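Student: Protein chains in written order, with the working numbering: chain D, 239 to 628; chain S, 12 to 229; chain Y, 8 to 421; chain W, 1108 to 1330; chain Z, 10 to 234.
These are computed hints drawn from the structure, not numbers from a lab. Any given hint might turn out to be false.
[To be verified] Lysine to aspartate or glutamate pairs mimicking EDC-like chemistry, simulated, CA-CA at most 16 Å apart:
1) D:Lys397 / S:Glu41
2) W:Lys1275 / S:Glu141
3) S:Lys49 / D:Asp579
4) S:Lys19 / D:Asp265
5) D:Lys397 / S:Glu36
6) D:Lys557 / D:Glu527
7) D:Lys297 / Z:Glu78
8) Y:Lys181 / D:Asp285
9) Z:Lys184 / W:Asp1308
10) Y:Lys181 / D:Asp265
11) S:Lys26 / D:Asp579
12) D:Lys469 / Z:Asp14
13) D:Lys297 / Z:Asp173
Keep in mind that this is a model prediction, so the values were computed, not measured.
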Amino acid sequence: MITAAPAPFGQSSGPTVRRVNDPLHGDLLEVSMGPQHPSTHGVFRMDVTLDGEVIVKLKPVFGYLHRNHEKIAENTSYLSSMPYTDRLDYLCSMSTNWAYAMAVEKLSGQAVPDRAQYLRVILAELTRIVNHACLVGFLFNDLGTSFTPLLYAFREREKIIDLFEALSGSRMMCNYQRFGGCRVDPTPEWLAAASKLVDNFPRFLDEYETMLTGNEILLARTQGVGRLDPKHAVNAGITGPVLRACGVNYDLRKVDAYGFYPRFDFRVPLGEHGDTYDRYMMRILEMRESVKILQQAFKVLPAGPIMDPKAKLRGFRPKPGETYGRLEGPKGELGFYLLSDGTPNPYRYRVRPPSLINLTLLEEMCLGHTVADAVVILGSIDIVLGEVDR
Amino acid sequence: MLGSGIIKGLAVTAKNFVGSYFVPERMVTEQYPEDRPKLPENYRSFPLLVSETAEDPMGTLRCVACQICEKECPPQCIYIEKSKDKKPDATGKMQLYPVVFAIDTSVCMSCGLCAELCPFDSIKMDQVFEVAATNRFAGLLLNREQLAKSNAYYHSIRPVEAAEVDARLAADRQAAEAKAKAAAAAKAAAAAAKAAAPAAQPAPAPVAEAPKPPSPAA
Amino acid sequence: MSASTDSFLERAPIEARDWLVQLLPAPLQWFTHHLITIGAILAVFGLFFAFTTVAERKLLGRLQNRLGPNRSGLPKFSALPWHLKHKLFGLTQPFADAVKALTKEDIVPAAADKLLHFLAPVLVVAFSLLTFAVLPFGRNMVPVDLDAGLLYFFAAGSATELTIFMAGWASRNKYSLLAAMRALAQVISYELPLLLSVVPVVLVAGTLSTNEIVTAQGGWSFGILPHWNIFTPWGFIGFLLFLVAALAECNRSPFDLPEAESELIAGHLTEYSGFKYALFFMAEYFGLTALSGLGVTLFLGGWQAPCDFLPFIPSYVWFMGKLVMMIVFFIWVRGTLLRLRIDQLTRLAWQFIVPLALINLGNAAFWALTASWAGPLQLVRLGVSLALVVGPFILLGRRLNIGRGPRTYRYATS
Amino acid sequence: MSDAIDKPVPFPAAGNISDAEREELRRHGILMTSLEELYNWGRSNSIWPLQFGLACCAIEMIAAATARFDIARFGAEIFRPSPRQADLMIVSGTVTKKMAPQVVRLWNQMPEPKYCIAMGACAISGGPFKQGYNVLKGIDRFIPVDIYIPGCPPRPEALLNGLMELQKQIQGERLTGPDAARHTRPDMPSEFSVPSYGEHDLQPTKNAEVWKPATPLTRSGKG
Amino acid sequence: MEALDQIRDRLLARFSGASVALVTNPGPAAEHSLLLDPAHAREIALFLRDDSALQLDYCSNATGIDWPEKEIVETKKVSVLDPAGGPAKITEEKTKRVEPGCLEAVYHLYSMALRHGPVVIRMRTANRSDKVNLPSLTPVWRSCDFQEREIFDLYGIVFDGHPDLRRLLMWDEFKDHPMRKDYVDPDDFEWEPTPHAGVLDRAKMHYSAPATLAVSAAPQPEVKP
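Just chain D, with the same shape it has in the complex (with noise of 0.2 Å):
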């Protein structure tokens, strides 16, 4: 017989799990969580059997926000889809339109003109900081506070959110990329804001850490709470930061090097334990470095048109063919595999929800912690129940 996978991994902290119903310590506690909790970050669905406070079992449960897009996308063209990909990942809707568009001009072999690229660079980049800084925000929720991390976060988060309303009309459904460019131009006094807005950010970036990093009820909290270990994670298909907390480096950006990143300076930082604290400095670090990313960006953004004049917003059929096309969401490796019969509807429409693919080993995560450590595993993965569910 074949040898499969590497066997699941043990546990590595926590206390042992009693795996079967002993007369002497009486029953298991089977408790399902979701898909109304406050902790689920929406309606995600754990079935979980406590023997007293420490998960033993952790089956998680989805579908509860299956709404049908790849049905609908296959039913309707190309264009049509676009702002369905806004309700993806409603936290992130500049970089899932990104990627939609990016796997539509590779499947139509479409040319980005410069302006677009380093437009979609800088929105990207800050959607990740946007995503980032409300993950945070709901993991420190998670965590037990009054909301006031959280209210933090959102603070920053609607002086972005801002921004793409002035750009896209729409605060969170930005519907902004096109095939073969981007919608609007933003104005001069766009850029300034925007501008301003990146070089103030590490201030509320170092307020926000001195507040919450160095607490000593985090660091109990969340070190050595959750461990992933490299090689299940690479197995498991895990990407993003919760990928790169393991110590693997493997960030798209670098990697596939799309759109114009190869023309910027950056790090990709890495963490050595894989733990639920490594996957919050993650993002705290990865906003650092989309800062610094963005600072570079609007020096060098050139003037010029923003869409390919070849492009085609109606009747677009591109040729019979297949392709797939991923790039480096705030989440993960969000992917889009698309299948053209040559009609204006694709054949097969497919996103690679990186959301799903992390909490592959959620239940290996959680085993031998308590209910209070499945809540914060959950909330360092960060899932988005629109891209997990679709």
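Go by the hints and put chains S, Y, W and Z onto chain D.
Tutor: Same frame as chain D, but now just chains S, Y, W and Z:
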């Protein structure tokens, strides 16, 4: 030392607390019903139909019922019925107009594709967002009369874009007028020529008037 | 001191009560005397509770850069001026909440233990109110001046945790049950630290009566440095330990494990609706107020004024002022800190607070024995006492945090 | 029960009490009116929503609770995670068929008086996802909705606006009389049947007691 | 990374009896793929993962595709000899042929260690009705776990050897496979304020007597000519 991180955290929140009284950056609340949000020009909520004048909105709708928006609307919330007769549009050309134009705002996803794709600059995105209703059917299904907004209103919410649209339409109108004039002149000239040389062969008909019949082989 | 005792404001509440009582026939006097006291406590602390909730919401709001409730106003009785009707700074918010809670449907789950489900909120309020009996709110203003007042306080106070278990058990909800277990673990772990942090005060004051403990903290050095316990090394650390233990005792953040929202929905309150929920809410704030009052009594000099030229302000005002400060501090902590995990919570109690409190007991004993030292010896006394505070704190703290700390990260450039 | 349901549900007019209505109220008696005002004032200023986010709109709901919009000003920032303590259910996002039974169950677990806001296109009608096989085409097929807020997602201000509409509605409610509020009438249901998962769809696909659409429409001339 | 046909040749040389076909992609992306036969797919996958030159340790994306039965009408020109001895007459003969449908699973493989990819592999079931089994690649790449469950849920491919093959997104009682091209939505479009053709057809099935035009519940003024 144990507790230093906690004390730092307490200091930050205290700074925010004190700052909320003195630093505007640390008191960001906008008291909504009194303070109106500053909407950027690009902000979009639901579609509207631009009419040239406020007095006769139905008579001066720019919409020609081409149904592009109806087809392209991702959530399929637009419903149009064409008229049987024609009337002149903004550029003076005879066009159809919508007898029924309904948008179900309870379905609309505010994506703005309709406005983006409209070749007649007729459907645009409004900025009204206070549309809470107690009845889904009576309150949220907007018909032609409710959707029609004057060009002046459009100018008031999106001055830059509306000015561009007006300039473009004016140019189109001028071009159309010039073309019409030229056509009239050509016709007159042709008529004169015809009158002058009745024995000559008739001039070939303009292509637009007599399109080639589609070949069955194609 | 004597001047202030005579001030009219100082005597007013007591004299008003005595005047009312003497109007009645003798057999009723004793009864009325206590009835008035109870009524006064209920009225004062009932209102105090109401305004604490709104203060908490507004303070938390300010901490989070927002305004908090500010437009409840008053109901539109026709004759009221406009600004009263609509705004009033949101101060009427708790009354709106009360009206709503009172009129809300009361749901008892079908599977619940109906009697216990009903009893739990009633008892929790009763027990938390009992603790007010021994708090000296001002000079001569302790409702019942028991000789063993402190013991009574802890006996009544720890009963509230049992009612939490009662509520969790009776609800027949898995989350409630988990919360109940957590509450029990918490009360067992923190009852001892709370007591141990208080014992040094008893040792130094030589009495269990709360009133006498306050009296023992009277007087000032140089006219501005009051002889409160918090200004001694053992008192300072004792106060800190008391604060932590008190936070844990009244289930406040960062020890709000039984009602941990992000983990256990609403914990033991999950199945309570309407007024029963409001009763729990009320009891939580009563408990908080009572423990803050105890902290004020034991460490902050109770109703004593901080400087020798200030006692013209009545003693009960000082008490309330200190109480408000304590509560503001609790709100501040709530707005900042994260929640501990249950095992860390108990470890903190047994490995840090209990040993530290025991050392502190020795420290207090040393302080009491060396009370007669004078001159340069006084500095030695202070030094030894400080060393007994700081040394164990650092050592135990390091041990508690072993293996944890900020990390440095490496970067990849390609 | 069905008799009562066949009658149109009396919705008090949203908006402030007009003078005529106030006079009408006076006829009930000053005490009753004042009690009613106090009762309605208390409830309308203490609307605690259920902490219950479904999808994209939930983020805007959270944004409405954050510093910039601060739903706390209306006394409504206490998002209760347990339905037992909630007064308002903000259905914020797409209700899928898999989720619908849970939403109805949550609604049933809320104590009266309770209100429902359908926030966003998806909650009202399925919105952009209404063509999906797993998407419920409007939560009002199973539970009664008081306020509909269209938008995808509605701005936080739109949610606040909806909340204010709800406050007005609550302030206009009567305790007695023929058009008394829903929760005061014993003949009006406060619990609704929970659909079950079927082989192809929910069973039943709608609650006929709640879902009463206007006449179905057809394309003129062709239908 | 070596070219795909080289990989195919190496696979064919190594696994005797296995059939590995190269599927070319005509589009501009030119991402060609390898079609594996299900019998050997797991061995090949394991080889791809562990081979030192490839080290495809990361399966990024796994997805299903539905290819329904297609009726293809082929027109052939047949020359019929005139029995009378005249010149051969050319007639057109139409033959109808049903191309059998299948369900397909596509995997996109990358190497995190060597940073190359993608290698696309695909497998096809025998038909769409009863022989819908494919070997599960979850034992090779854990990342296929949820994705294969999703394919099972939405397309109905049964993955043999999957540790926990249950529906992922729909509820367990659900019987259909909704992402198949021939899936029919349940009739729950009872009332649509903007009746599009498809909706209208459904609505007609529900309401015997279609009402007259009333697009908006709000009163509609007379239409001006």
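Student: So, against the hints stated earlier in the document, which numbers end up violated here?
Tutor: 3, 4, 6, 7, 11, 12
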